[in-house]
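Engineer: The lines below spell out each chain.
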Amino acid sequence: MRLRPQTVKQWRRFRSIRRGYWSLLVIGALLALTLVAELLVNSRAIVVRYEGSYYFPTYADFMPGSQFGLDYDYETNYRELAASFAEQREAAAASGAEPPGNWLILPPVPYNPFETDFRDDSFPPYPPSLSTQHYLGTDVAGRDILARLVYGFRLAMAFAVILLLCNYIVGIAVGCAMGFWGGAFDLIFQRLIEIWSNVPFLYVIMIVASVIVPNFWTLIGIMVVFGWMAMTWYMRTSTYKEKAREYVDAARALGASSPRIVFRHILPNTISIIVTFIPFSVATGVTALTALDYLGFGLPPPTPSWGELLAQGTANLQSPWIVTSVVVAMTLVLLMVAYVGEAIREAFDPKQFTFYE
Amino acid sequence: MRKPALPASLLATLLLFGCGGSEAPPPEPDTTTDDAVTLEETRFVDVLPTYDSVPLPDGLEWVTNEEDEVFASPEARRGGSFRTYMLGFPLTLRMVGPDSNGGFASYLRANNSVGLVAIHPNTLNFIPMLATHWAFDDDGKTVYYRLRPEATWSDGMPITADDFMYTIDFMRSEHIVDPWYNNHYTNNIVAVTKHDDHTISVEGATPKPREEILYEYGFGPMPRHFHKLDENWVVDYNWRAAPGPGPYRISHVEKGQYVTFERVDDWWGNDVKYLANRFNPDEVRITVIRDVNVAWEYFLRGELDTHPVVMPNLWHEKAVGEQFDNGYIQKIKFYTDNPQPSAGFWLNMDDPLLADGNIRLGLAHSMNIERLLTTLLRGDYERLKMHHEGYWDYTNPNIEPRTFDFDKSDENFAAAGFVSRGPDGIRVRDGQRLAFSLVYGTQEHTPRFVLLREEAKKAGVELNLQLMDASAYFKQILEKNHQIASMAWSTSPTPRFWEHYHSANAHIAQTNNITATDNPELDQLIDDYEDATDKPTRVALAHDIQQIIHDMGAFIPTWKVPYTREANWRWVRLPEWYGTRTTDVLFDIMSTANSTGLLWIDEEIKAETLAAREEGRAFDPVTIADETWRVE
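Here the protein sequences line up with chains V and U, keeping their order. For the first sequence, my numbering begins at 499 and goes up steadily by one. For the second sequence, my numbering begins at 35 and goes up steadily by one.
If you're looking for bench data, these hints aren't it; they were derived computationally from the structure. Check before you lean on any hint, since a few could be wrong.
[Unchecked claim] According to the in silico footprint, chain U covers these stretches of chain V (three or more CB under 8 Å from chain U):
1. 556-564
2. 639-653
3. 794-808
These numbers were taken from a predicted model, which means no experiment stands behind them. Each residue gets a CB set at the ideal place from its N, CA and C atoms; glycine is no exception.
My request is simple: use the sequences and hints to build the entire structure.
Structural biologist: Okay, here's the thing in structure tokens:
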């Protein structure tokens with residue numbers, strides 16, 4: 499594939515802004531890792547070898563304890579299984595017998611974000627500890643904070659990206675139409691959007707949350723209904739601007755239809771505006787979900803969520819590891835997203851490429 | 035006087051779980067109108083309503099009770115100021131009518147609830163209050179009372195039979211815009227009769243055992259010289275402080291900020307045996323603090339005198355540190371012997387899955403409540419055994435709760451056809467998963483239910499947690515749209531089976547039968563229970579009813595907290611026996627409880643403590659655990 503020279507220039511410019519470039523790499527790597535989070539942060543073993551067979555529980559159906567010679571029919575506790583294999587080996591070594599050859603590999607963080615872990619001698623929240631492999635400690639219900647952070651991050655990013663796509667599709671369509679058609683359509687939509695923008699969005703969420711328990715998609719739906727307006731203004735002005743250019747007149751003179759003009763000529767020329775806004779929209783999406791969860795109007799428990807962790811942390815300041823973990827994670831992610839956004843804006847700044855200097 | 039069932043249970047939930055802060059603060063009162071607060075003026079009626087007397091019947095046997103021990107301390111000292119807080123400012127100073135059922139209402143009611151008689155908090159016998167003597171009619175539903183002639187309203191006007199007569203007219207009036215009271219004083223209390231200026235009789239709707247009549251058909255008077263009933267009453271009386279029969283009157287109202295009460299001079303109760311040495315502080319100041327965590331910080335600074343610490347994290351994690359080590363703040367855990375709020379899971383039997391008794395029992399055996407109590411709740415809470423536990427004689431002593439048991443849950447679910455497990459480990463029957471939604475309204479409970487959910491998974495049951503805003507939560511349950519609801523019903527002096535289990539309340543909205551119990555055998559027993567007028571019969575029936583309810587398994591009892599835990603600055607003193615058998619809150623200055631107002635403020639100790647804090651001097655740390663009234 500050959501890239502347009504302008505795109506190559508923009509990419510070079512972007513790469514030259516190291517802060518943004520590295521942030522993009524780190525965020526990209528993190529996102530890629532969370533796609534396989536089940537292999538890294540999970541209570542299920544990655545691979546179990548038991549009595550000559552291999553098992554891969556991560557993405558498989560649940561495997562009852564009885565499958566591995568344990569005395570229960572519910573999901574195997576692989577951490578206990580690992581301990582029992584170790585005992586078997588020791589017993590075999592002590593008696594000089596042939597070791598049974600059972601082993602398993604646990605993920606680096608051997609907890610899932612839902613299970614509650616309790617110890618006999620003390621009560622959660624437990625502080626960070628290497629020996630229990632709760633690297634960031636546990637929350638008040640004894641759940642691993644790192645596991646909840648990782649899965650919460652994945653969920654928040656997925657939420658932000660889907661929200662962004664929906665918002666942009668609606669916003670760009672309406673904005674383009676306003677700019678392209680202008681006239682009464684533009685006038686009416688401007689007023690509609692002004693009115694709609696003044697609906698207090700948080701109250702609507704609260705009211706909806708009091709009637710139904712919101713899930714991932716209803717929450718996206720509500721946020722799109724009240725969030726698509728922001729993009730329309732920018733798209734409207736840039737469509738107006740592009741529409742007046744000679745190439746649009748030229749296309750029209752050649753007999754191009756309106757959809758063709760919009761999709762083939764105007765939209766590609768406004769792409770820099772859209773791209774510039776993406777990182778900031780992602781940041782907005784993540785913070786919005788976190789804020790809603792913090793207030794208790796977000797996703798239902800026990801969904802792993804940064805907002806819920808933040809609420810727990812602020813209510814339990816005597817266990818500082820909860821609030822520290824989530825605040826640091828949140829700050830880092832938002833900071834990196836902001837750096838990427840800054841670099842993109844710089845790279846797409848038309849002043850770099852203008853011919854009217 | 036009984037409050038409507040719903041807010042009362044909400045209140046009980048909040049109290050029990052230590053003011054979790056889940057109650058949304060009411061909106062700010064509208065201070066732009068000319069709603070000036072009226073505290074001094076108390077007479078708004080020129081010509082007082084008077085009522086005709088009817089001669090007393092012959093042969094009444096007047097009884098009283100001056101024999102029981104007093105429960106207030108003779109060492110109590112009058113004086114000082116008691117400082118506490120509320121989460122929101124009241125919307126009105128009225129006790130009835132719109133917006134009158136907020137948190138502040140408990141103070142107003144308390145001050146007005148010095149009723150005709152009260153229950154002795156230790157012996158549970160009735161003791162005289164506004165009435166010195168009482169007598170029962172043979173019809174089983176009428177009681178006669180002789181009023182205490184020296185009793186007066188807080189503005190000095192005498193309390194007479196006419197005030198009680200007027201109360202009925204008042205409570206039945208449409209001008210108060212309060213259907214609950216309209217109904218209660220029409221259908222529950224049927225008639226009040228004046229026999230002379232200081233003798234009345236009260237007739238209830240249905241015959242009941244004697245101890246029930248006194249409680250059910252008792253009420254407090256309303257001042258007839260204060261209330262001018264017309265269509266403007268609700269608005270006119272929003273910010274007028276009513277005179278009451280109690281020991282305090284409102285002395286200052288700073289809208290949105292605080293309310294203070296002051297002790298009534300020469301209160302008539304000062305020399306009454308069971309009221310003496312109580313209600314000791316001269317002033318009670320209730321400040322608005324909109325967040326429990328903020329209130330806790332105020333308490334640690336010494337700007338509030340006491341704070342409840344029932345919640346495990348408060349008692350173990352927060353109620354520690356300098357103030358406690360230096361003995362400035364003391365902690366007390368005090369066991370009581372009281373009816374227990376019925377906290378647990380209520381299964382809606384109109385749900386197709388839960389209609390199957392095997393599934394209900396299997397579910398009960400899938401709830402690892404023992405693990406919840408010993409781990410997350412630190413062994414602080416105890417297992418509740420049944421609905422209506424701790425009702426003394428009425429509670430069936432043979433009922434034990436179902437425990438977490440794989441064999442039994444397996445057996446029960448298998449009997450219902452849920453034998454195999456799906457790919458996620460949840461049991462399935464013909465493609466239908468064994469999944470339930472659990473609706474609850476308190477965010478603080480999420481960790482508890484998360485634990486139960488994870489444990490239930492092991493038994494092959496999925497519990498989907500559905501946390502709702504408090505009002506939506508009640509709406510869903512009362513409209514019977516829930517599958518499983520977590521809820522704590524408040525208590526009453528004797529079990530209330532009819533509202534919870536009679537088929538008359540099943541399958542319809544806005545009733546307390548949230549399990550959809552519809553059982554002819556049970557209906558018959560409940561009707562017999564309602565009609566019975568002697569206690570042994572009622573007790574026997576209650577035991578039978580409880581056994582059937584237990585066998586039905588539509589209620590999975592969870593936890594109870596048979597004690598109160600509180601923290602106090604050391605100048606707030608209690609009797610040497612701390613509280614009573616039925617104490618709700620030890621440091622309770624005004625509430626409708628029977629042993630309220632035992633505390634006092636010791637100004638010398640206060641000065642000493644504040645000086646010590648200034649100089650960094652320490653006292654011995656004090657943590658009291660009193661098990662006098664613990665029930666094993």
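Engineer: Compare the structure with each hint and give your call.
Structural biologist: These are the hints, each one checked on the structure:
no., hint, verdict
1, 556-564, "holds (count 3)"
2, 639-653, "holds (count 3)"
3, 794-808, "holds (count 4)"
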